Each structure stands twice: as C-alpha cells, then as structure tokens.
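J.: In case you want the letters, here they are:
Number of protein chains: 2
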Amino acid sequence: MNFKEKQAFYIEIIENSLANSVTIDNQYYTILKEAMLYSLMAGGKRLRPTLALATAELFEKELREVVAFACAIEMIHTYSLIHDDLPAMDNDDFRRGKPTNHKMFGEAIAILAGDALLNLAYETMIKDAFAGNTIKKLRAMEVIAQYAGSLGMIGGQVIDLSCEGRKADSEQLKTMHKLKTGALIKAPVESAAIICEADENQLTALSNYAANLGLAFQIKDDILDVEGSMEEMGKKPGSDSLSDKSTYVTLYGMEKSKQMLEEVTKEGIAFLDQFGKSADFLRELAASMVTRKQ
Amino acid sequence: MNFKEKQAFYIEIIENSLANSVTIDNQYYTILKEAMLYSLMAGGKRLRPTLALATAELFEKELREVVAFACAIEMIHTYSLIHDDLPAMDNDDFRRGKPTNHKMFGEAIAILAGDALLNLAYETMIKDAFAGNTIKKLRAMEVIAQYAGSLGMIGGQVIDLSCEGRKADSEQLKTMHKLKTGALIKAPVESAAIICEADENQLTALSNYAANLGLAFQIKDDILDVEGSMEEMGKKPGSDSLSDKSTYVTLYGMEKSKQMLEEVTKEGIAFLDQFGKSADFLRELAASMVTRKQ
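Keeping their order, the protein sequence lines are chains W and Z. Counting from 1 along the first sequence, just add 308 to a position and that's the residue number in my numbering. Counting from 1 along the second sequence, just add 308 to a position and that's the residue number in my numbering.
In case anyone wonders, no lab produced these hints; they're calculated from the structure.
The list treats identical chains as interchangeable, and a pair is accepted whether it falls inside one copy or across any two copies.
List time: in silico BS3-like cross-link candidates among lysine-lysine, alpha-carbon distance up to 27 Å:
no.	residue 1	residue 2
1	601	564
2	312	585
3	341	475
4	341	553
5	435	486
6	369	585
7	353	482
8	341	486
9	341	482
10	312	601
11	482	566
12	564	475
13	406	353
14	566	475
15	601	482
16	406	553
No experiment lies behind these values; they were computed from the predicted model shown.
Based on the provided sequences and hints, a complete structural model is requested.
T.: If you want it as structure tokens, here you go:
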C-alpha cells in the first residue's frame, strides 16, 4: 500500500470503531448519543489515532492492540473541539463545513456531549485494559491523561485564552502550542509505543518525532492562515491584518517560518532513523505537513 | 468518636488531600489552578468521599487505600456543578453562598476548569492504581467511569434538561434521579468496597444501601424545596407555584413523600445488617437524610 492507501486503511479502522463506541440505548436521552456521534463522526484526517496505529506497526504488533486507545484520543480531541467552539470560547458556527455542535443541539447539550466524550475516552481505555496487557495499558492511560489535562492540552487552552487581544512573546507562544496542540499529538505516539513495549531509547526517539510533528503542524497552520487571508483579501505579505494575535508568521515573518517548518520536519524525520522501512508511513506523514494545502 | 466527630474527621482527611491535588506550577496559567481550587475547596458536607472512607472502615482497611478514589469522585462531582451552573445550563450566580465559578472567572475558564477537574479525577485514580492493588483499583475506576458518564450522571443531566418546562412522568423522574444523583452516590460506596475486596454479597448489599441513600437524598431535597418556598412565600401546601417541574412532592404529595422518605431510609439501613457495629456511621448517615434541614 502507498501512503494514501495506508492512510485510508487506518481511517477506516478508526471510524468503524468510533461509530460503535457510543452505547446509550436509554429512550429518555437519545439526543446525547446523537450529539456525541455528530461530532465524533464528522470526518477529518484522524491525525491522532492514525499516529497510534502507525506506531504499532513499527513494532509489528496487531493494530487491535492499540485501536481502543487511538479512538480514546480522538474522543478527547473531539470533546476539546466541541468546547472550544462554544460561544464563551471561540464562538464558532461552523467546523469542517458543518454547523458546530452547539449550533445543532444547543449549548447545554454541547457542553454535556463534550463532557461525555471525555469520560467515554476513559471508559474505553479502562475496558480495553482488562482485555490484556493491563499494566502497559494503565501506563499508556497515565501518559494520555497527563497530556490531555491541566498540565497538557487544557493548560494550553487557558494560555491561548490569556493571549487574546494582546501579543504573546515567543516563549509563551511556544509553551501554548506545545501544550494545546503538541501534547495531544505526542499522546498517541507515546501511548502506542508503551503498549507495544518500546524500550526507553525507542520511546524517546518517537516522542521527539511527535514533538517535531506537532510543532510543524502549528507553524504550517499559521502559514496557511496568512496565505488564506491574503488570497481572500487580495493583500500582500507584510500586511498586519492578522497581527492582533501572535503567530509564528507575525513573530518570525513568512520566510523564516517556512524555513523553520522545513527544518523542524527534517529533524523530526531523522528521529525515526533506527526504525528502518517500517517507519516510512510516519516519515511521509511528517513530510505531508510541509506540502498540505489545508 | 460520635457521628459528628467522625464526619469532621473524614472531611478533614478529604480536604487535606484535595487541597494538594492541583499541581499546576506553570506561570502562564495560574488562573486555571485558582479556578479549579475555588470550586474544589468550597466546602460542603463531602457526602460522596465520606461514603468511600466509611465503606473502607467496614472492611477494617486503612483509609489511605481509598482516599485518592474518594477525592477523584469529589472532583467529578465538583466539575459537574461548575458546568451545571453555567448560563447555558441552570444559570446560577451563587452556590453555597459564594459566586459560581463562571461569575468569578468567566465562562471560558469555568468550562475549562470543569474539564480539567474531570480529567484530574482520572489522573488521580490512575496514579493511585500504580501504588498497589492495581487490578482492584482498575475495576473501581471502571465502576466510577460508568456512573460518571453518559450511562450515569451525564445521562441524568440530559434527561433533566429534556424535562424543563414540562411535567415528567414518575418513570422518567425516577430514571433521571437514579442517574443524575444516584449514580455518583453509588460510585464511592461500590468503588471503595471493590478496592477493599468485598465479596459479591457484601457488594450487592452496599450497592443497595447506596441506591436507597441516593433516593432518600432526592426525596428530601424535593421536600425541602417546597417547605423552603412555602416559608418564603407564606403559602400553604397544595399551592402549585413549584409545579412547572415534576418532583416527588408534585407527583405524590407532601404526606406520601415524607412516608416514602422514611421507608426508603429504613430499607436502606436494613441492607447493612450483615456488617454489625462497624456500619454505625453509614446507618446514622442515612438517618440524617430524614432529619436534615438543608
């Protein structure tokens, strides 16, 4: 299978599993199941769970060893998007071309659907831990919990809020992205590696790979934001229309940001050297960060 | 120690542990720690964690065996209150005489502080599971996750929302309370019993005790609501000022509700017969549901 085929293969496994993950059958609140699945099944590239499956393949493990944890991380990612979109947060009406969860189901249900998805992530991991390899899975759960919580993603969301309406310095921006985006990109790679019994050396290499991938992801987002806005508005680079918020582009300029993106990606791919050909998917995934158009 | 002393003793252990549970030390988002601790340390009777500690004493176990799980359940309870109080939900400005979390910190931080407390509950349990008795603790975590999630408390919150502005029938009301309040009262009793290696028979008895306690708690709340309102408004029983929402009192009347409260409590206490004197605290706790004034 080439990269695209492999990606589609992973996505199919993940979406089949996600589609069956919400088991509510109580007649009094089918709306909650609907709201949870609405956001959970809204598509996307499934970057995070894909990373978990691809990591398992490095260790020649069966994918089903890590599918539950991969899906749990996607549930955490999804709940964070639902809550991020709320009027009190980013106040977004659309996500991936569809109305946001609160636009469809109302704010109260959106809050609860988010809560329920976060809780379901843990229910899913705990249940899977009983299926075997229990201690490794508990360790993986610990890593995910830390990256998802106040020392990880949620911490990053709070820093992001505190940056609104003023310029952050580069240290604050770096910490914010490391936590807000980076943590939940490291989580699937590290947790899958732990479940697959990676040694310390392998775990460190994969963690570094994922850290670089997360950073590349963010720099590229900032570049696309500016390029997208310039196209829309017919403006030229250097316009400070977007500079009410710090980004890699506002801090370092477009040229330097593109250079950083290349370097960070190259460095990330180098961390995979010890894995040989089995890491080709992860290499191409990193390379695709540089070329992606959205 | 008499009942009151014992209760104060339990509360002290719990509050010491809760006060040290939030470990954020990142300078960029101290506000999150503040918001989490603001609600976590807001006092109250600590009914749920107290139940866990009292259950451990039935089995002559050290309290520290269950303290982490007791606190995790209190974190779950606290997050649910923060989210319940939000403008999109119950829109409450005060809780226990203090401004609600979003009134103090804004809605965005309140949403994230709630998310962070839910996540912290799992971080706390996972970490504690590594300290020993791992499989039993994982089993306890599974029970708590189920009672807290879409098949438990969150399900009950959604039914509650769907009941707004119309009268629920008695079956719906029962399901709503069983999930919204009952689940998180069963959680500490069952999880502590599991950690303390209760046998099936003991576990069933304690679960039944907790189910009755939860029901008594709710009936008493409904009774207090009506009595409080009557006092305030100088009205007589039978007034339908509160009848836009179904409660035990609107469905069964005040006399029958008080009778139900007595019966449910008596039945609950009877489930403790096999435990002898070591269950005296749990007996008095149940009896205090009938007499409490708030």
